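Please put together the full structure from these sequences, using the hints given.
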Amino acid sequence: MKDRGRRTKKAPASCRLPIAQYFAFALVLAALTGFFVAQSARAQETTPSDDEVNAIAKHLYCPVCENTPLDVCPTEACRQWRELIRQMLAEGKSEQEIKDYFVANYGARVLAEPPRAGVNWLFYLVPPILILGGAFALFSAFRAWMKPKVAESDSGREAAGASSSDDEYVRRIEEELKKRK
Amino acid sequence: MTEETTLKKRGVPLWAQIIVWALLVGFLIMVGIGLKRASNPMAEIGGAVPDFRIVYYEGYEYNGKSEMKLSDLRGKVVLVNIWASWCKPCEQEAPELEEAWQLYKDADDVVFIGVDYVDTPEGAFGYLKKFGITFPNAPDLQSTISSILNRQMGVPETYLIDRQGVLRQVKIGPFASVAELQAFIGLAD
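Chains as they are written, first to last, in the numbering used here: chain D, 22 to 202; chain V, 1062 to 1250.
Calculated directly from the structure, the hints in this document are not laboratory data. Keep in mind that this is a model prediction, so the values were computed, not measured. Glycine is no exception: its CB is placed at the ideal position from the N, C-alpha and C atoms. Accuracy of the hints is not assured; some may be wrong.
If you only want the chain D side, here are some residues facing chain V, beta carbon under 7 Å, derived [as the list claims (entries may be wrong)]: (1) P84; (2) V85; (3) E97; (4) A98; (5) Q101; (6) L105; (7) Y127; (8) V147.
Quick look at which bits of chain V chain D covers, simulated, 3 or more residues with Cβ under 8 Å [unchecked claim]: (9) 1078-1085; (10) 1089-1095; (11) 1138-1147; (12) 1179-1193.
Below, computed lysine-lysine pairings styled on DSSO-like, alpha-carbon distance capped at 27 Å [claimed, not checked]: (13) V/K1149 to D/K79; (14) V/K1166 to V/K1232; (15) V/K1191 to V/K1126; (16) V/K1191 to V/K1149; (17) D/K120 to V/K1097; (18) D/K79 to D/K114.
In structure tokens, the structure reads:
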């Protein structure tokens, strides 16, 4: 009993320090884990995904390899530009701000379509107007071609009058030709 | 009377004529804009190089100036090297270019100018730092200078302009050695 008593008395004294150390260690471990988890969560939040980058890149064209959208261009140059888009997105730039940056630096050729400003409006307005105008002209021409046939079939008298006037005209030409002979 | 009426009916209305003419003028303006864009002055071997102005990258200057016009360099041989950080063959010649520049810079008779073709700022500064390039370098993001120099294939391309501002030689692809560069520069005289 004495021995047990001694043990029970000694045990708390000998355990105090390790328990405090365990607590301290656990606290530090928890703090570190929390820190790293927070850091990785923040990194995931601030690093835009490939899909987010490509959503903007598909509206831009590679300034080097012409007619190739930036999202599918396999060159090193385009990889650098996609990284630039990622960096700008991480900085909180909007799609329009990124496009404006690319246009300011590399020119309007990087855009999938010319900006709707100034004389560029001609590129948007002239082709559809020409198509509409052409369609209207065709429609008018078809109508004009159809009318005489309808007139001929509908009015026999008018047709007869026309043919008689044609006969008269032919007769006069023949007379003229005879005179010349 | 009936003939006149028929003629009037068959005539194209005034509003239609105005629209057709307006469209024609619009179309001609579009063609004109396209032609103007396509007709920038370009250099040819044996001909004078059209003047251009460049602004050097931050940290670079020549004779205490951070920008220059090609015409400012009359009387000197000018070597214009077009490169880009995304261009692997450019990396092959970068150390040779810097080594050659070290040979010429003190005499101030030959000027090296690096023109960075359509690049990103990070890529460009990384490249310049990596190869320790000290001769003046400038960006050509909208390919204005490379168009004037009539860039033919891609990058790297190097242009040799003589003391009178005439384009003497064009090297397509990287230089293999400093000796090759020296021989190339020697063709200016």
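Each hint, compared with the structure:
A distance limit of 7 Å between C-beta atoms decides the matter here; for D/P84 the minimum to chain V is near 5 Å, and the interface restraint holds. Taken as an interface hint, D/V85 checks out: its beta carbon lies about 5 Å from the nearest beta carbon of chain V, inside 7 Å. Proximity of D/E97 to chain V holds as hinted, the smallest CB-CB distance being about 4 Å (cut-off 7 Å). Annotation: interface hint on D/A98 holds; nearest CB of chain V at approximately 4 Å, less than 7 Å.
About 5 Å separates the beta-carbon of D/Q101 from the nearest beta-carbon of chain V, less than 7 Å, and the hint is met. Below 7 Å, beta-carbon pairs count as interface contacts, and D/L105 has one with chain V at about 5 Å; its hint therefore holds. Given hint, D/Y127 at the interface with chain V, holds; its Cβ is 5 Å from that chain's nearest Cβ, closer than 7 Å. Using the Cβ-Cβ criterion of 7 Å, the hint placing D/V147 at the interface with chain V is satisfied: the shortest such distance is roughly 5 Å.
By the rule of at least three residues with a Cβ nearer than 8 Å to a Cβ of chain D, the coverage given for the region 1078-1085 of chain V holds, with 3 such residues. Counting residues of the region 1089-1095 of chain V whose beta carbon lies closer than 8 Å to any beta carbon of chain D gives 3, which reaches the threshold of three, so the coverage claim holds. Proximity of the region 1138-1147 of chain V to chain D, defined as three or more residues with a beta carbon under 8 Å from a beta carbon of that chain, is established by the 3 residues found. Counting residues of the region 1179-1193 of chain V whose C-beta lies closer than 8 Å to any C-beta of chain D gives 5; at least three are required, and the coverage claim holds.
Taking the CA atoms of V/K1149 and D/K79, the gap is near 25 Å; set against the 27 Å cutoff, the hint holds. For the hint pairing V/K1166 with V/K1232, the CA-to-CA distance comes to about 21 Å; that is within 27 Å, so the pair holds. Of the pairs offered as hints, the one joining V/K1191 and V/K1126 holds, with about 24 Å between alpha carbons and a cut-off of 27 Å not exceeded. With a CA separation close to 13 Å, the supplied pair V/K1191 and V/K1149 stays within the 27 Å bound.
Distance check on the hinted pair: D/K120 and V/K1097 sit about 25 Å apart at the alpha-carbon level, within 27 Å; holds. At roughly 17 Å between alpha-carbon atoms, D/K79 and D/K114 fall within 27 Å of each other, so this suggested pair holds.
In the structure shown, no violation is registered for any of the earlier numbered hints.
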